[in-house]
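Novice: Chain by chain, the residues:
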Amino acid sequence: MRRAGIVLIAWGLWLGVLTALQAAFRSIRGPLGVHWIEAAMLGGAAGACLLAGLVLWALDARSGAVERPRAVATDSVATATLIAGFALVLLGAGFGLWLILIGAGVSALGLGGLVREALARRRHRGEAEAA
Amino acid sequence: MAVCKVGELSTVTLPARAAPLRTLASTDHKRVAVGAGAVAFAFFIAGGVLALVMRSQLAADGGVVSQDTYNQLFTMHGSTMVYLFVVPVALAAGLYFVPLQVGAAAVAGPRMALAGLWLLVFGGLAMWAGFLTSGGAAAASWWGFDPLSDAIHSPGSGVELWIFGVVLATAGQMLWAGCVLVTALRCRAPGMTLMRMPVFTWSMVATCLLVVFAFPALIVALALLWAQRHFGGVLDGGLGAVDYQQLFWFYGHPVVYVMFFPFIGMVGEVVATFCGRRFFGHSAFILALLAFAGLSMTVWAHHMFTMGQVTNKYFALTSTALIVPAGIEYLDLLGTIWRGRLRFSAAFLFALGFIVQFLVGGLTGIVLASPPLDYGLNMSYFVVAHFHYTIFAGSAFGLFAGVYYWFPKVTGVLLRERLGKLHFLLMAIGTNLAFFPMFVLGAEGMTRRIADYPSSSGWQSLNELETVGAGVIALSILAFVVNVVVSLRARQAAGDDPWQGQTLEWATSSPPPRHNFHALPPIRSFAPLLDLREDSEDLLAGERAPA
Chain W
1 MRRAGIVLIA WGLWLGVLTA LQAAFRSIRG PLGVHWIEAA MLGGAAGACL
51 LAGLVLWALD ARSGAVERPR AVATDSVATA TLIAGFALVL LGAGFGLWLI
101 LIGAGVSALG LGGLVREALA RRRHRGEAEA A
Chain A
1001 MAVCKVGELS TVTLPARAAP LRTLASTDHK RVAVGAGAVA FAFFIAGGVL
1051 ALVMRSQLAA DGGVVSQDTY NQLFTMHGST MVYLFVVPVA LAAGLYFVPL
1101 QVGAAAVAGP RMALAGLWLL VFGGLAMWAG FLTSGGAAAA SWWGFDPLSD
1151 AIHSPGSGVE LWIFGVVLAT AGQMLWAGCV LVTALRCRAP GMTLMRMPVF
1201 TWSMVATCLL VVFAFPALIV ALALLWAQRH FGGVLDGGLG AVDYQQLFWF
1251 YGHPVVYVMF FPFIGMVGEV VATFCGRRFF GHSAFILALL AFAGLSMTVW
1301 AHHMFTMGQV TNKYFALTST ALIVPAGIEY LDLLGTIWRG RLRFSAAFLF
1351 ALGFIVQFLV GGLTGIVLAS PPLDYGLNMS YFVVAHFHYT IFAGSAFGLF
1401 AGVYYWFPKV TGVLLRERLG KLHFLLMAIG TNLAFFPMFV LGAEGMTRRI
1451 ADYPSSSGWQ SLNELETVGA GVIALSILAF VVNVVVSLRA RQAAGDDPWQ
1501 GQTLEWATSS PPPRHNFHAL PPIRSFAPLL DLREDSEDLL AGERAPA
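Here the protein sequences come in this chain order: W and A.
The first sequence begins at 1 in this note's numbering and counts up by one.
The second sequence begins at 1001 in this note's numbering and counts up by one.
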C-alpha cells in the first residue's frame, strides 16, 4: 500500500502549527486575535491540505496492490478545444455577450469531443483487457 | 493500438492522429513540457526586450518613453517573467522529469497537463493583447493593487485583459502542479519509496504543494478586482485594499519559492552528478524542503510591513526563520561538492553560479525581513536588486544548469560546451553589472518604478552601468540561442547517459520513448544508477583481488 497521503497530512499539520503560532501575536484587532484574514487564509490552506491528505490516505488504503491498466490517449484535440472555449467565455465577461456565446459554442464542441474520446478509451481498454 | 507495461503501471495507447495534431494536442507529458518550455522561453525573450527598453530609458535619464509607457513596460515585464516564464518553465521541468525520475509510464492526468499548456498560451496572448488596445497594456504593476487598478485609475481594456490572462495562466499552472504532485505521490514504480525519490522530484513536491494551496488566493483576488472594476463596493472601505493585498501576497510570496525550489532541485542533481558523489544529506534536504515550503506560506505579509495593518512581529519571525531550512539546503549542496571529483561542465558552472549568487539574494532578504530596516528600504531599488538576485541571478542560473544537464535527454543531442561556457561567463558578468549597483542606488534612495530621476541625484553613471549589464545579459542569451541552433543542426549524439547520471531518467533512451521506459533497473536508493555502477565496480574489484 502506498502512503502518499502522509506527505499532505504532515505538511497540513505543519501549516496548522504555524497558524496556531499566529495566536501568540495578539497586537492587531480581530476576533481571532490577529487580522482575521491572516488566520483564515493560512488556516484554510492547512485544513484543505489535511483533508486532501486524509482523502488520499483513504484512497490508498482502499486500492489494491495491483492497479488496473490505465488508458492514455496519445492526443486530445477536444481538450485544447475546450480550453479555447473556456478562454473565450472568460474574455467575454469583459468584452460582451457575443464572445461568451462563441466561447460557449466552442466549449460545447470540446465537451462533445471529450465524451467521444472517453467512449473510445473505454472501448480500447475493454479490448486490451480481453486480449 | 499499443499496450506498454512498466512494472505495475500499464497504459493503453489510442490510435495516433496526424502529425500536426499530435504536436498541438499530444497528451505525452514530455511533449507538453517541451511545448510549455518553448512558450515560456518565447515570453522570456519578449519580457527581456521590455527590460532592455526600460534600461535604455533609465540610462538616457529619461526621453526614450513616456511615464505611462514606462508603467506599462514594468507591469508587463514583471507579469511576463513571473506568470508566463519562470513559474511555467519550473513546472514544465517537473512535468517532464518527475514521471521519469519516479519510473512512471505517464503523468497523472495527461489531459489536464495538456489543458495547462493551452491555458498558458491563451493567458499569455490575452495579457499581451493589451498592447493592441487604445489605452495600452496594464500599467498597475504585476500585483495590480486596488485602487490603482480600479476602473477610475486604470480605465480601458488593458487591465481587463491582464486579469483574464493572469487567471488563465495561473489556472493552467495549478493543473500542472496537481498532475506532478499526484504523479510523484501515487504513480511511483515498484521500489521507489517516498524517501528514494530524487532531490529534484522532492523539490517539485514542495513546489506543487505551494501552487495547489496558495495560488487559488490569486484567482480569488483577481475575481474580486474584476468585480470591483465593474460593480464597485467589493474592495471599498478602509480595509478593502488591504484585504486585496493580503490575498495577493498570500499567493505572491509563495510564488517566489515556486520560482526557487525547482531550481535548487535541479542544482542538487547537477552538483551530485558532476561531483561524482551521492547527494549529501538527502533526508535532511527533504525535511528542510517541506519545512521551508510550510514557512514560505507564512511570510507573505512582510511585503506589507509599512502598512501598519498586519502582524509585523509574526511575519518578521517567520521570514527570518527561513534561514534555517535554507542553511540546511546550502550545507547539503556544499557537502556534496566537498571532496567530489569535480567536472567543470557548463551545467556545473551554472550550478555554482546559482549557489553563489542566490546567496546574495537570500542574505539581502534577511535585511528586508526586519520591519525597521524594511521601513527604510521598502519601494527602493534595494528591493529590486534583492529579488533580481534571487530570481535571475539565482533561479535563472539554476534553470540553465538544468537546461545544459537535461538537454541531451530531451533531444538526444549534446549542447556545445564552449558556447555554454561563453554563455555562463557573459551571463555572470551581465547579471552582476545589471543588478549589483541597484543595492547602492536603493540605499541612496532611488525609488522603484520611476521613468526619470533628477540629474542632480548622481545616479546616472550607475544606471548606465546597469544598462550595459542588461545588454551583456542579452548577448549571453544570444549565445545560448546560437548554441541550441548549432547543436540541433550539427548533431552530436548524446547517448542514453552522457554525464553518468544517478537517477532513473538516465536509464532510458534519449529522448525517452512514449511510455518512458522499456525496463527499469532495481531501485534501492535515491540514486539507482549510481548503485548499479558501484555494484559493478565492487564486482570488478572482487575479480581483481588475489584469491
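None of these hints come from the bench; they were simulated from the model.
Bear in mind that the values here come from a model prediction, so they are computed numbers and not experimental data.
Glycine included, every Cβ here is placed at the ideal spot set by N, Cα and C.
It cannot be assumed that every hint is accurate.
Unchecked claim - Cβ-to-Cβ under 7 angstroms is the rule here; a few derived chain A residues that face chain W:
| no. | residue |
| --- | --- |
| 1 | A1025 |
| 2 | A1106 |
| 3 | W1118 |
| 4 | L1119 |
| 5 | F1131 |
| 6 | T1133 |
| 7 | E1160 |
| 8 | F1164 |
| 9 | F1280 |
| 10 | T1306 |
| 11 | M1307 |
| 12 | T1364 |
| 13 | E1543 |
To be verified - Covered stretches of chain A (in silico footprint by chain W; criterion: 3 or more residues with CB under 8 angstroms from a CB of chain W, positions within the stretch not fixed):
| no. | stretch |
| --- | --- |
| 14 | 1213 to 1225 |
| 15 | 1425 to 1439 |
To be verified - Derived contacts from chain A toward chain W, CB cut-off under 8 angstroms, selection only:
| no. | residue |
| --- | --- |
| 16 | S1026 |
| 17 | A1126 |
| 18 | L1194 |
| 19 | R1196 |
| 20 | R1449 |
Novice: If you check each hint against the structure, which ones fail?
Specialist: Hint check: 5, 6, 9, 10, 11, 12, 13, 15, 19, 20 fail, others pass.
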